[in-house]
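Throw the hints in and build the complete structure from the sequences for me.
Chains as they are written, first to last, in the numbering used here: chain A, 1 to 288; chain B, 1 to 323.
Some hints here could point you the wrong way.
What the hints assert, rightly or not - Which bits of chain B does chain A cover? Going by a derived footprint, with three or more residues having C-beta under 8 Å, they are:
{"#": "1", "region": "111-121"}
{"#": "2", "region": "128-137"}
{"#": "3", "region": "244-252"}
Claimed, not checked - Across the chosen pairs, the derived CB separations fall in these ranges:
{"#": "4", "chain 1": "B", "residue 1": "A18", "chain 2": "A", "residue 2": "F55", "range": "48 to 58 Å"}
{"#": "5", "chain 1": "A", "residue 1": "V74", "chain 2": "B", "residue 2": "N208", "range": "43 to 53 Å"}
{"#": "6", "chain 1": "A", "residue 1": "G154", "chain 2": "B", "residue 2": "H238", "range": "35 to 45 Å"}
{"#": "7", "chain 1": "B", "residue 1": "F179", "chain 2": "A", "residue 2": "Y161", "range": "49 to 59 Å"}
{"#": "8", "chain 1": "A", "residue 1": "L133", "chain 2": "B", "residue 2": "G138", "range": "28 to 38 Å"}
{"#": "9", "chain 1": "A", "residue 1": "F55", "chain 2": "B", "residue 2": "H238", "range": "29 to 39 Å"}
{"#": "10", "chain 1": "B", "residue 1": "G112", "chain 2": "A", "residue 2": "A84", "range": "17 to 27 Å"}
{"#": "11", "chain 1": "A", "residue 1": "V74", "chain 2": "B", "residue 2": "F302", "range": "27 to 37 Å"}
The hints are simulated quantities; they were obtained by calculation from the structure and are not laboratory data.
Glycine is no exception: its CB is placed at the ideal position from the N, C-alpha and C atoms.
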Amino acid sequence: MQQLNLLLTSLPDGILLGFVYGLAAMGLTLIWGVMNVINLSHGPIIALGMFGTFFLFSRLGLNPYLGLIPVAVVGLLLGILIYAVAVHRVINAPHLSSLLATFSVNMIIIGLGTAVLTTSPYNVDFSAGGFKLGSATILGTRLIAALVAMLFTGGLYLFLYRTRPGKFIRAVANNRTAAELMGIPSTRVLALSFGLGTMLAMVSGALIATFFPFSILAGGSYELKSFVIGVLGGLGNPIGALFGGLVLGMLEGIIPAFLETSWVPVIEFALFVVILLVRPSGLFGAKQ
Amino acid sequence: MKTWQRYNGIIIPILVVAGLILWPTITGKAANRESIFTILKAVALASSLNILLGYTGYVSFGHIVFYGFGGYVGLFLLTEKEWSLWSAMLAGGLASAILAFLLGKAILRLRGAYFALATIGINEAMKAFVNNFELFGGPTGITLNFSVYKAYGGAADALQLSFYVAAGLALLALLISYFVRVSKFGLGLLAIRENEDAAEVMGVVAPNAKTWAYVLSALIPGMMGVLFFFKNGNVEPHDAFPLHASIELLVMVMLGGQGTVLGPILGAFAYQGMRGFLVTSSFFKDIQLSVSGALLLMIVLFIPAGAIGWLRQRVPVFRRVLA
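This is the structure we're talking about:
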């Protein structure tokens, strides 16, 4: 009975968090799907999003949800910059090259971030109220974050399936050579996809900052979660990432009711390896 | 061709490592011994990783898991079962090799980035598991009783001894790396790297060859883990399975030249040397990570074959001299 109570209090929280995790993972899996690059600078970019909220809200007094707009724009531009500097030359090289190229971006961001912001924790003192749902308290910030994550997912879906650039992205993801033969400017499309991926990462970071403390190193654990979610939902399937995020969020809500919280990562990563082995296309089966 | 020239591939690396080992004695500074110890450790780990990464072409992002796991097994035996350092090291290495064998049977079926992701997952799962595993001391880890060092003539002598054992392990890693490279088994691995399907058609039993390459690349890191944490005096989950250390190993192998015997040695030396310089320099110390990152990016973008690979491509003489 006590366990059930615990479950009822932690599960809604886990589900709401799951949407935000899903948003972060969507950025990673979009980049993977389009150009077969695992973006190891994903974590620090999430952390940059967190600091985006911090500076816009705590220093300039801008509402964190309005602040998402400049954060998203900066994320898009930053992604295009990273693509041009670090990724474009190694896009056709073996996996090790692109992994190390994005990892060196990771090192550069963390190094500069540590020098400027130190590694001590920051937090954003923002509250959007809350309400009781049975025995559970739902925080307003988490509810809004989940809604924003859904909004972005819907937006991404519409962009990919209803607009011309989105169709270009899907065409390049499907077969880059054929897309080029059809006159699609593949370099620009790749840069745009990388930009969108980092934009999603930064927005998720900006949302996470409204309810968790963070430091420049905080992105690392969300990057690892994004890997797990990406594999759960099928790598390269951005919409699947949202479901993967939900599964992970629910796991984080359910496991603490039965085991100590410290077992959560053991189960997460074991599940991750097992799914890679058994169903590399993800639980929901990507098209590949 | 004179007979000794045929063995240039092993003579030059051995001379380099021997020079490293003798350096503290030549300069007579104890501080040098510590920095050389770090370099020897890096040489041993990078050479081991090279068997999988350079020869077989499989990118292991979590190779440090074998170092941490071996270290844990070794320290557990040292404290709980009061084994000697030698048998603990052997057991740590074997434990890592067995772990690699079992893991390899499962995850070496994955190719490319999927394999890299799986190794990250395994490292993180192992870290989280050890954190909860009471036998290994959970989050606080295992601390050696100071009296353990008595059997080796006190703490100071144990440090000295650790240095020579590390030197021995580095040389052993080098020999394994060389003999794999020149053997028929190694040729099979190189074939897998170039094209796994074609290699299988030509009669390389790829699943077995890959598994044994994985096992060989896990053995020395396991032993090195025991030695390092013996010298360190304690082991904690956070120190034993640092993901960034895995990636540093990849950087070393890339820097020197993957798939060569000498490359990882030079890479380890250059990387550790550069890091030591950046951390201590007053100008770079705050942004040392950024500077390393920028250098890494340059190497990946412009010299992807690494120093030795580049020399071999450009200067034909080196193709005979450097293996």
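Hint-by-hint comparison with the structure:
no., hint, result
1, 111-121, "holds (count 8)"
2, 128-137, "holds (count 4)"
3, 244-252, "holds (count 3)"
4, B:A18 / A:F55: 48 to 58 Å, "holds, 54 Å"
5, A:V74 / B:N208: 43 to 53 Å, "holds, 51 Å"
6, A:G154 / B:H238: 35 to 45 Å, "holds, 40 Å"
7, B:F179 / A:Y161: 49 to 59 Å, "holds, 56 Å"
8, A:L133 / B:G138: 28 to 38 Å, "holds, 35 Å"
9, A:F55 / B:H238: 29 to 39 Å, "holds, 30 Å"
10, B:G112 / A:A84: 17 to 27 Å, "holds, 24 Å"
11, A:V74 / B:F302: 27 to 37 Å, "holds, 29 Å"
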